[in-house]
Amino acid sequence: MSLKIPRRTRSLFESPAVATGDIVFNLLIFFLVCASSQPDSGRRQELPRSEKETQEKKQQKNIEVAISRTTLSIGEEGNLVDSTLADFPSRIRQSLAQRSAAKEDRIVVVRSTKDTPYDRWITITGMIEDAGGVITLQLQEEREVIVP
Amino acid sequence: MKIARRTLKVEVPTVAMGDIVFNLLIFFFILARANDDSHLKWLPAESPKIENIGNRKASITVDIDNKVYLNGRQVGIRDLQAGLEAALGNAPAGQRIVLLKIHKETLAATFEPIMEAVSEAGGEVVHVLQQEQK
Numbered sequence: 001m002s003l004k005i006p007r008r009t010r011s012l013f014e015s016p017a018v019a020t021g022d023i024v025f026n027l028l029i030f031f032l033v034c035a036s037s038q039p040d041s042g043r044r045q046e047l048p049r050s051e052k053e054t055q056e057k058k059q060q061k062n063i064e065v066a067i068s069r070t071t072l073s074i075g076e077e078g079n080l081v082d083s084t085l086a087d088f089p090s091r092i093r094q095s096l097a098q099r100s101a102a103k104e105d106r107i108v109v110v111r112s113t114k115d116t117p118y119d120r121w122i123t124i125t126g127m128i129e130d131a132g133g134v135i136t137l138q139l140q141e142e143r144e145v146i147v148p
Numbered sequence: 001m002k003i004a005r006r007t008l009k010v011e012v013p014t015v016a017m018g019d020i021v022f023n024l025l026i027f028f029f030i031l032a033r034a035n036d037d038s039h040l041k042w043l044p045a046e047s048p049k050i051e052n053i054g055n056r057k058a059s060i061t062v063d064i065d066n067k068v069y070l071n072g073r074q075v076g077i078r079d080l081q082a083g084l085e086a087a088l089g090n091a092p093a094g095q096r097i098v099l100l101k102i103h104k105e106t107l108a109a110t111f112e113p114i115m116e117a118v119s120e121a122g123g124e125v126v127h128v129l130q131q132e133q134k
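First to last, the sequence lines map onto chains A and B. Going by the working numbering, the first residue of the first sequence is number 1, and it counts up by one from there. Going by the working numbering, the first residue of the second sequence is number 1, and it counts up by one from there.
Think of the hints as simulated: they come from the structure by calculation, not from any bench.
Partner residues aside, some chain A positions facing chain B, computed with beta carbon under 8 angstroms:
id, residue
1, Ser41
2, Gly42
3, Arg43
4, Arg44
5, Ser112
6, Thr113
7, Asp115
8, Asp119
9, Trp121
10, Ile122
Each residue gets a CB set at the ideal place from its N, CA and C atoms; glycine is no exception.
Looking at chain B on its own, in the form it has when it is part of the complex (with noise of 0.2 angstroms):
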């Protein structure tokens, strides 16, 4: 008597297919998120009137080291109103919003010139700040 032999499937698991899709829809979100700056270290000044902002076009940082950032990537001050152009393009007015996180110790020898870049450049000024506590 011929005992047959069993032949085993082996099959490449597609339950987990779905979390693998979910997983890389995650990675590229956040690698399309590059020009984030929430890696920078900074303190925000305070303020009692703050207001939620829409979509911005641009955003610039000043870290507690004093450096200055164009979305998230380091910039010389001189620099700063070319890379704002580009960044701002032809957006019409109400969408040129360029955010300031300034660090709340920064002194006018560095905030002030990147005010006037973002003044030349056409941008719309928002300053980040934090609500003020009592």
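Next comes chain A alone, as it looks inside the complex (with noise of 0.2 angstroms):
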């Protein structure tokens, strides 16, 4: 009688089990840095130097654009018209088609209460780009106030 013994088939390089949580940790913290390192995204905006309020005699023939919180307003010269966000688009259009190619001629100067909100000026500020103006900040002198 013969007794037939099965053989233990067993590798011997089996990869040690221990390493598991080292591999896991290793896995985990490579795909943290993967996700943390993710590009940025936005929009670039060429800012010419910032004008201040005293220069406001050599931009006179620039087209203006007033923001606030609530009311938005675009002109020429001083002579500004309450717009909406619908028509904003088409009156700066409109204004721009006026001008010349030339980069100084498309100069549109923006002025911002300071109550103004940076989700609405990205907004605005986009639409005079898509429409080819090249924007130059109008900043508000601080000026102080004694009170007698």
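Relying on the hints, combine the two individually framed chains into one complex.
In structure tokens:
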């Protein structure tokens, strides 16, 4: 009578199960670093040096846009006309269409009140740039008023 | 009859060396990015047109608490221009990108002086925005 003993097929080079924790940890860190280094996306903006209120006389012939939290106006030489956000793209295109393609003729002076939120400012300046305008900021100079 | 004593060899496990080196590498990589501003809380404004941005030289963040950060470090608006000039150095045009990560509800009283400082320092403004969802 012969007894068959099954041969144990055991690989000599089994991967050590102890290292599984390390492998998982390393993979976790790898994907964490990958996720944190995602490239940013946004919009470039060519911004010439700011214009102060004192240079207002020089800027009279430029297109002006005045932005506040609730209102929006567009015009030339200080004659600003109220506009809505929906009408604004056509109005700015209309104003720029009357000007040459030269960069200095396409300057749009943007004046914002201090309570203008950034998202509104971005929307409006985006419309100006899409219409081919070159944005220049006009900042209000701080004045110290002494109350008697 | 003398029975020879078995000498046990205790060896430092070298299997884990690769893992240790890899972890150290990541540790130093994260340290090198110490000026990272990913921990700051802010919500980007939306825009229909956005593009991928190349390598930046500096980044300015205005968080939801209206605090201003240059490369992850809190600064005052008055010190921003000097800080930017130092960060930009003599980098040529095209490589002077300054990312503006401004919280969408920030008011012009804060973000306009920042833009002025970037402009005066000779930086190229890039607004970090989110794709508008229709």
